[in-house]
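**Student:** So the chains spell out like this:
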Amino acid sequence: MGLFTSTTTTPAPSTPTPPTRTQRAKCWEARDAFFRCLDTAGIVDAIKDSTAAKTSCSGEMAAFEKECVASWVEYFKKRRVMEHNREQMLKGLQKEGAKKME
Amino acid sequence: MNASTTLRQLLRSKPRSTTPCWTVRQPQRAFHGSPARFKFQTVEQARSRYRSGPFSWKAGLLFVAAGIGLAVYFQTEKERLARNRITEMSKGVGKPKVGGPLTGLVDQHGKSRNEDEFLGKYRLVYFGFTHCPDICPEELDKMADMIDLVKKDHGKVMVPIFVTCDPARDTPEVMKEYLDEFHPDLIGLTGTYDQIKQLCKAYRVYFSTPPNLKSGQDYLVDHSIYFYLMDPEGDFVEALGRQHTPEQAAAVIGQHIKDWKKDLRKD
Chain X
1 MGLFTSTTTT
11 PAPSTPTPPT
21 RTQRAKCWEA
31 RDAFFRCLDT
41 AGIVDAIKDS
51 TAAKTSCSGE
61 MAAFEKECVA
71 SWVEYFKKRR
81 VMEHNREQML
91 KGLQKEGAKK
101 ME
Chain H
1 MNASTTLRQL
11 LRSKPRSTTP
21 CWTVRQPQRA
31 FHGSPARFKF
41 QTVEQARSRY
51 RSGPFSWKAG
61 LLFVAAGIGL
71 AVYFQTEKER
81 LARNRITEMS
91 KGVGKPKVGG
101 PLTGLVDQHG
111 KSRNEDEFLG
121 KYRLVYFGFT
131 HCPDICPEEL
141 DKMADMIDLV
151 KKDHGKVMVP
161 IFVTCDPARD
171 TPEVMKEYLD
181 EFHPDLIGLT
191 GTYDQIKQLC
201 KAYRVYFSTP
211 PNLKSGQDYL
221 VDHSIYFYLM
231 DPEGDFVEAL
241 GRQHTPEQAA
251 AVIGQHIKDW
261 KKDLRKD
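Residue numbers (the UniProt record's numbering), protein chains in the order written: chain X, 1 to 102; chain H, 1 to 267.
To be clear, the hints were calculated from the coordinates, so they are not data collected in a lab.
Incorrect hints may have been included.
As the list claims (entries may be wrong) - Dumping the calculated PhoX-like pairs for lysine-lysine here, alpha-carbon to alpha-carbon at most 25 Å:
#1 X/LYS78 with H/LYS214
#2 H/LYS142 with H/LYS176
#3 H/LYS142 with X/LYS26
#4 H/LYS176 with H/LYS111
#5 H/LYS214 with X/LYS66
#6 H/LYS262 with H/LYS156
#7 H/LYS78 with H/LYS258
#8 X/LYS26 with H/LYS176
With the rest of the complex left out, here is chain X:
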């Protein structure tokens, strides 16, 4: 099956073992630092505005990509955009006088 043969497509996460608890915590920490930097720079979508993100938060971005596997990096970036859109939508609805249902 070639489960353990190394591939060239994704060099960093070639090991099939999942991140441990401490690795996860480190990744989340690096992610939060990167997102805080994006917040101050006023960037929401780090995929679309990747050049802007790279210039304003290069250090944080490098740390984030080092601590997290590539699929997580992409997932967290997309999730940030999704959460931002949801917040905007909720704010818009609240302005229109919508009430939250419990």
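Since chain X is already given, all that's left is putting chain H on it; use the hints.
**Tutor:** Structure of chain H alone, referenced to chain X:
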């Protein structure tokens, strides 16, 4: 027989007796009245009894206690029936059944598991994968709390199960290392892709692995995130979601355990 009572009776019957024709029977009725129908000796006595009515502090206390008792009884009964309805609804008649036998899957120690081993105990089943970025680890931490809370209150009546949606990467060894970080009671099940697909289908769990995967490639699996509570006969009881805190979820599970009337294994 008392003078004032007789007088009253006489006065009351008077208007009716104002007929010009004075019959023989009528005066007799006034004077030979039947024995007194009242147990009171005087009008004053009757009046005071009437004013206080049938109430006393004892009656009031009894009334309030009965009211509270009934209210509590109806409330608990209502809750029990609501839970019953959820259980019955999930069992359903002519409705699709949620869940399926876990036979043929392999646990994190490489041991093949059988559906029969789990019968007689409640089951809490969660589907996920070990490379999950944030939701599964959070949910598994929650699950660990739920396991401890249920165990504390009811003993070993529930088997927590983690089924992987990513059998290609989640081998028993990987699962063992991963689950050890969450709770020692957790049973991690994996199998072939087809087995997992079948089981997910039976549980109505949606999951999607990206197509055309190369081995060693890094990817995520999209999947539904619910805890499935199954009763000791393997029937679906209720789905618990992200909205429940571990305490709330454990309380819901505990109520179902208390409702269970048949055998429950505690070994």
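**Student:** Each hint needs a verdict: does it hold in this structure or not?
**Tutor:** Structure-based check of each hint:
A C-alpha spacing of about 23 Å is found between X/LYS78 and H/LYS214, which places the hinted pair at or below 25 Å, so the restraint holds. Between H/LYS142 and H/LYS176 the CA atoms are separated by roughly 18 Å; this keeps the pair inside 25 Å, and the hint holds. Using a Cα cut-off of 25 Å, the hinted pair H/LYS142 and X/LYS26 holds, with the two alpha carbons roughly 20 Å apart. Taken as a hint, the H/LYS176 and H/LYS111 pair is honoured in the structure, with Cα atoms around 12 Å apart against an allowance of 25 Å.
At most 25 Å may separate the alpha-carbon atoms for a hinted pair to count; H/LYS214 and X/LYS66 meet this at roughly 22 Å. For the given pair, H/LYS262 sits about 16 Å from H/LYS156 by alpha-carbon distance, which is consistent with the 25 Å threshold. Taken as a hint, the H/LYS78 and H/LYS258 pair is honoured in the structure, with Cα atoms around 15 Å apart against an allowance of 25 Å. Restraint check: the Cα-Cα separation between X/LYS26 and H/LYS176 comes to about 21 Å, which is no more than 25 Å; the hinted pair holds.
Of the hints listed earlier, there is not a single one the structure fails to meet.
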